[in-house]
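Student: Chain by chain, the residues:
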Amino acid sequence: MKNLKSGIAYLLIFVSFFGCKKDILDQPPKDQLTDASVWSDLKLATLFLNEAYNGVPSGFERGFYLLAAATDEAETGYPWAYSQNWNRGDFTALDAPRFDAPWGGTPTPWGNRYLFIRRVNVFLEKIEAVPGDDAVKKVLKGEALFLRALFYHELVKLYGAVPIITKPQSLENTDALLVKRNTLEECNTFIVADLDAAAAILPNKRSGADVGRASKAAALALKGRQLLYAEKWTESAAASKLAMAVPGYSLFPNYEEMFWAANNNNSEVYFSKKYLTLLRTHPGNQFNSLYTMGGWGGTQPTQNLVDEYEMTDGLSYNASPLYNANQPYKNRDPRFGASILFDGAMWNGREIELKEGGKEGMGTANDATKTGYNLRKFIDPAIVKANPDNGYNNWILIRLGEVMLNYAEAQNEAVGPDQSVYVAVNAIRNRPSVNMPSLPAGLTQLQMRNKIRHERSVELAFEEQRFFDMRRWKGADGKYLAETILNSPVYGLKTSNDRTTRTKFKLEDRVYLPKHRLLPVPQQERNINKNLDQNPGW
Amino acid sequence: MQKKELLVHRGIGLHQKLLMMKLTAFLLFASFLQVSAGGYSQSINISLKKATIEKVFQAIEKQSEYRFFYNEKLLKNSRKITLEIRDGSLKTILDVCFKDQPFSYVIDEKQIIIKQKELGVAIQVVNTNPVLVTTVEVRGKIANETGVPLSGATITEKGTRNGTSSDATGNFTIQVADAKAVLVISYVGYKSMEVSTAGKNDLIVTLSLMDASLNDVVVVGYGSRKKTNYTGAVSTVGTKEIVAAPVADISNSLTGRLSGLIAVQRNGEPGRDGSNLLIRGVSTTGDNTPLFVIDGIPRSGGDFSQLDPNEIETVTLLKDPASAAVFGVRAANGVILITTKRGKAGKSSLSFSVRSDWQTPTRLPEYMDSYNYAKLLNEGSTNSGTTLPFSQADLDAYKNGTDRDAYPNTDWVKATLKDYAPQQQYNVSLNGGTEKTRYFISLGHVNQNGLYSNSNFKRYNFRSNIDVDATATTRISLDVSGRLENRNAPSQDANQLLYFALYAPPIFPAVFSNGLPGSFPSGRNPGERAKNGGYNKNNSNTLLTNLTITQQLPFVKGLSVKGVAAYDRSFNSNKTWRTPYSVYTYNRTTKEYIRVNGEGINTTSLSERFDQGSSLTLEAHLNYQRTFGKHEVSGLFLYTQNEGNYNFLEGFRDNFLSNAIDQLFAGNDATQQTDGGANLSGRKGYVGRVNYVFANKYLFEGNFRYDGSFNFAPGKKWGFFPSFSAGWKISEETFFRNTTKAFDYLKIRGSYGKLGNDRIAPYRYLSSYQFGNGYPFGDAGSLAINKSLNSTGIPDPNTTWETAKSVNIGFDGSMWNKKLTFEFDWFHKRTSDILGQRLLSVPATFGDVLPLENLNMVDNSGIEFSLGYENKISKNMNYFVRGNFTYAHNKIIFQDEPTSVNPNQRRTGRSINQYFGYQAMGFFNSQAEIDKAPKQPNPVKPGDIRYADISGRDGSGNLTGTPDGKIDGDDVTAIGSTPIPQIIYGISGGFSYKSFDLNFLFQGAARVNAYVTGELAWPFYNGAKALVEHSDYWTPQNTGAKYPRITDVPTANNIEQSSFWLNNAAYLRLKNVQLGYNLSKNALAKLKMSGVRIFVSGQNLLTFSKLSVTDPEGPGDSGTAFNGNGSKGWFYPQQKVYAVGINVTF
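Residue numbers (the numbering used here), protein chains in the order written: chain A, 1 to 538; chain B, 1 to 1146.
These are calculated hints, taken from the structure and not from any lab test.
Keep in mind that a hint or two might mislead.
[Stated by the list, open to error] For the chain A half of the interface with chain B, some residues (derived, Cβ under 8 Å), not all of them:
1) Lys30
2) Ser207
3) Ile485
[What the hints assert, rightly or not] Stretches of chain B that chain A covers, calculated by requiring three or more beta carbons in the stretch to come under 8 Å of a beta carbon on chain A:
4) 703 to 711
5) 757 to 767
6) 779 to 786
For clarity, every value in this text was computed on a predicted model and none was experimentally measured.
The C-beta atom is built at its ideal place from N, Cα and C for all residues, glycine as well.
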């Protein structure tokens, strides 16, 4: 009996071990947030949208080169850089060159853009039901629409017509995932509609802690650019005009310093990819700058671009009396000196010697210039001195200077060189630190077109505009300029050690075929989705 | 066969006699009880005068669970008994009562069967009149090798039936005929011994363990089994073998000891040098780690590998479904069961062991000196047509060595690594107790030093296992164990330091003539970094506890319940203090020593992390075990649940103003970072087992586990994992016995079952979000990283565990009186529902990372066997040889791959981690050969590697599978096998002669490749130095060279991923040797000690392998990701260990 009693007692103890416990199989995750929490709290929902800003492309994050190196503006310092695939024109739909990611990451901008488009679509779908201040929600929604438009704008620039996906797709119905490409017209309409909707609900300009978020001005400016690319001149001019009219923006007086970290968020910036010292940095300064000053010399301007810069009298170098072949860089458009490091330039407290046998002349190192020039634009001396691989100068995606040129181009095409076109272009030429003479009066539409094209080449050099401008501008022969210009060699300049002889030399032949106007739709994508047409020529 | 007798248990029922063994059966049972932790020591009080033997039986039955069975007729002639015994053991009482009776007894389980004595004996008994003889009393004590007293050992006078047994303290007294009598001493599981009594009155007898005994009990999940009756596939290794290896991490002592275990040791860093253990190899692309179960509770691999070897009783691999299924959803990769030692009743014994070791790398690459390096580099530059880096004057200066500051000749490996690193191990253990309370207490310490500064591992282990028989039917066991692990390392991890040492060219100085530390570009000096660059300290404290209460239930015979509560707690702190340090360069012209910051580190930083985890396991067991005639039935049902909890906190600061205080507060708070997080886990399981043995011949077992895991979606949490097994002991069959006498025992067995593997990321069914990169918003005044949230991907609501269906067929047995033992198993396992991604079906426009789904399928099959032979050559000389062999081969059956994939590159149908690359065909020996050959992927010259043209494409871009005249991506094909050996084998042996014994273990691996790349393969790669064997390079005169033509940088062609650099990494090692000397009994008696053993031993003493540049286990790239650090030699080298030690038992 004694045993029985103790046995029962122990059983009771065991049973009580287990009797009083919640179900331990229902442990909540403690290291992540779930659907239920994110979409019931406006603060968390905002964080979800914040992530989408990381999808905004940046020239500083392309790798060892700027996209400029895939045009006649520059040459990369490295034979293996992806820009060389463009210059050789030797890629296929199977191995289209990387565009966004420096190394690794999403190999094609196609996949990367749709990744962020999905995030924005998820946000737009879920935000309606999130409890919270409607005014705040409205602005967030506006930002989401702007970002979606930007991502599609980037896609259309590269691929032409793409499938428009406006809702997050579900895996339940895999057939519905095999989307077709919309027409270019539909894409344009869709992007414009998103931007119109965004402009309608976003504040004019963001301030304080919201600087960097999408604004009405940015939406209108992007709309102007999108319509310019679509050659809808009247609408484009109207949108750019509205964008210019948004109060609070003005041309930043110092052309060179506009791109330095000290002037991040300056008065000219409509939208930029933002950085923060130590915590969110980019290697752009290091990759692209002079190797003797902490850089790797990744982007090297060509003689082709150098020749584009006018003399201070507004004439091209080969027409101006101011040009002296012995001092070719004297009396140049100040934007030349602000953008390009040439032999003899003063920079970071000393004279730069790109001449033969100079401190940083050709052949002194693998990273030394191959063109005779190095990049100066964007390179922030303060960053190069301190910590070149931790750059925090913003990458400006849209600025007033571009908006004005967009306006001028659209207006010139729509109605001809009216006064507003002159005003816009001259404002840029007359910028305090530039001080170039105004355009001569009485230009024809064609003359004005060429003036605007020149102005874009110079004002927006290295800003990843020319790659696309070459693919939309046509010459007198009706062909895209890319077919001529990007199919011609690029040149460099050798300067003798005593600086008495300067020899222009052919650096590289370039190949551009008509099919290169657009990127091929990735073959892997077409293997999966039979409904996707390929771009012409691929 | 004897005729069957009817036995009556006081009229209740008739039972068939089961066993014919006599005393041995009892002893077997007694030992079974002890080992299985289910045995009870009974103490019985009897006070009777001239009573019938039936009265004695009644008294015993009242005080114990033993029941007597007998034919009443037998007792007629019994003599009356007078007895006065207090706290006597059953055995003592029975022996007294049965002395001079016409019958004897046999104990079977809890049944005591009375039977007639054999005829010859009966005749003796008939002669009941006591014959007066002169006797001599001999006293003695019996203990095992470690000095633990053996109670219940049989002592018989040789040639007579006169015998007794040892008491609880191992002591015995026996009356023998004369002083010349010889005693035969036997104990289950130990080798019998004959001892002469001549002139001795206080004998001390040490019995040594029998190595392969039929009476072995194997530990299985939630219980134990007689090995001969077990139907699953297990392999076991005991404390002796584990203790033999002079290693700190016991995972390194198992390699080659156990069939079914594939073990690879990838590096040798103190405290981080454990082997990767895989039971039956690799069977999933997911997590292949086995489940570790220590004393019945699932615990971590570290809880196992950081045990003090002296705490371990046995390590058992549960390999097949029958054995592992009781661990359900966590069992698919097999289970490693560890049982720790428990106290034995008797006089307490104190053991003390000390060992001192010297560790040295098994194999290091040998590099050229600076002169030969410079000469070779010049030669390479000549071949490449580049400027010669060294002038003749330079070469002369390197050769003369008159100015070593300007022209150094540095062996960077030597400058970084010391030749030897000491290691010590200490253990004190106390074992003993009374019949009611038994204890095992152990304290251990290991101190393992590394080959460079700041490298050290110290571990302190503590264990106290206490068993208390609280009542006659209740046992309470409390196990408490804990350990402190303190790992010290430089602030730079071992891989990086070794990289520097293996990279640095000899023309850079490690130390200048004036003692200043030198450097190679840019400011690197691994030895100096280790010494003065700060430290990494990792302190980990673990406490493991088990409380077990077992209660026999009196109302149902054979039924018991058990409750277990196990609570584990671990704390871990990790601290990395990184300080700037100085190195120097030398200006040859000015003869100045120029100070530079080592590796350019110019700020002091500190990061600290604290982790803590806890785990609570609660279990309720219901056990049933009973024998009905020829039917042995046992059953188990249990409920178990586990709750885990983990969290961490970490912080970082840099820009410390001073190196004086290595605490966070002293760093710059502007750049400080903190992080923290937590994980919870929960599991429940119901386990059932039914066991049935008929006639000790036909064996059946069924197991199931119904398992619930928190990992999965509601409604998908629970899974059912059954297994079945059966066995047939042919050797018990008459026809077999009649055919051959050679076999002591032979059994055929098979099992089938379904197991799970839930080691996948939890909560995959939830749509969840993690903090993303954040984004910096704000103007100059408010600029800050705003947090961002990122979806962790599309949830998979149907996500489930990996399911392994597995079949095992095997046999085991022994021959020629246990001289030869053998075991064989064949298995096949199909693992399905392995997580994999659908590659083809979803386009990128979908916009998210596809969820991993339970898509993939892998087959794994193989064989394993072990053989053992032992023999006694003479009285003083024994030897044994044992071998085991494991072969496991896996194949991916399904993985989503586009149909367009080149068949040579498909992963489906190949092994996990299969290597791919070009097929190398040797060297081009002439330009003519190059001109005729298919176009190689890069420009080539004579002396470059030639690749095979295997496949190409037709005009429309379709693969043709036939050569197309050029080598490109289409020619990449499967090469070699995998980085994990498919075959592991071990051959161990030993012999003892008088007081000496020698044991050895050879261990090998085969069907394994190592892709050697980077600095370890290519001279001057990335500016690195050259191996001595790089001098065997191709020249027109040396076309049979090992290496291609020499160039100042490896040519693009010669570093293509190809079979050229894939090495056969098969090896054979003298893994362990131990030579021991045991102090003689006389000496022991003088010292008042029960055992002293002195030994020398070694680990990894010899390695035979074709891979000459590094230890064959080292290169550890995965096969799919080439250029892993392991394959470049960036790992702390594996160690060879020499040891001396002494064990003392009081």
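Student: Now tell me if each hint is right for this structure.
Tutor: Verification of the supplied hints:
1. At about 4 Å, the closest approach between the beta carbon of Lys30 of chain A and any beta carbon in chain B falls short of 8 Å, and the interface hint on this residue holds.
2. The criterion of a C-beta within 8 Å of any C-beta in chain B is met by Ser207 of chain A, whose closest approach is roughly 7 Å, and the hint holds.
3. Because the closest C-beta pair between Ile485 of chain A and chain B is about 31 Å apart, greater than 8 Å, the hint is violated.
4. Counting residues of the segment 703 to 711 of chain B whose CB lies closer than 8 Å to any CB of chain A gives 3, so the stated coverage by that chain holds, three being the minimum.
5. Coverage of a stretch by a chain is defined here by at least three residues with a beta carbon nearer than 8 Å to that chain's beta carbons; for the segment 757 to 767 of chain B and chain A the count is 4, and the condition holds.
6. Beta-carbon proximity to chain A at under 8 Å applies to 8 residues in the segment 779 to 786 of chain B; the threshold of 3 is reached and the given coverage holds.
Of the numbered hints stated above, the single one contradicted by the structure is hint 3.
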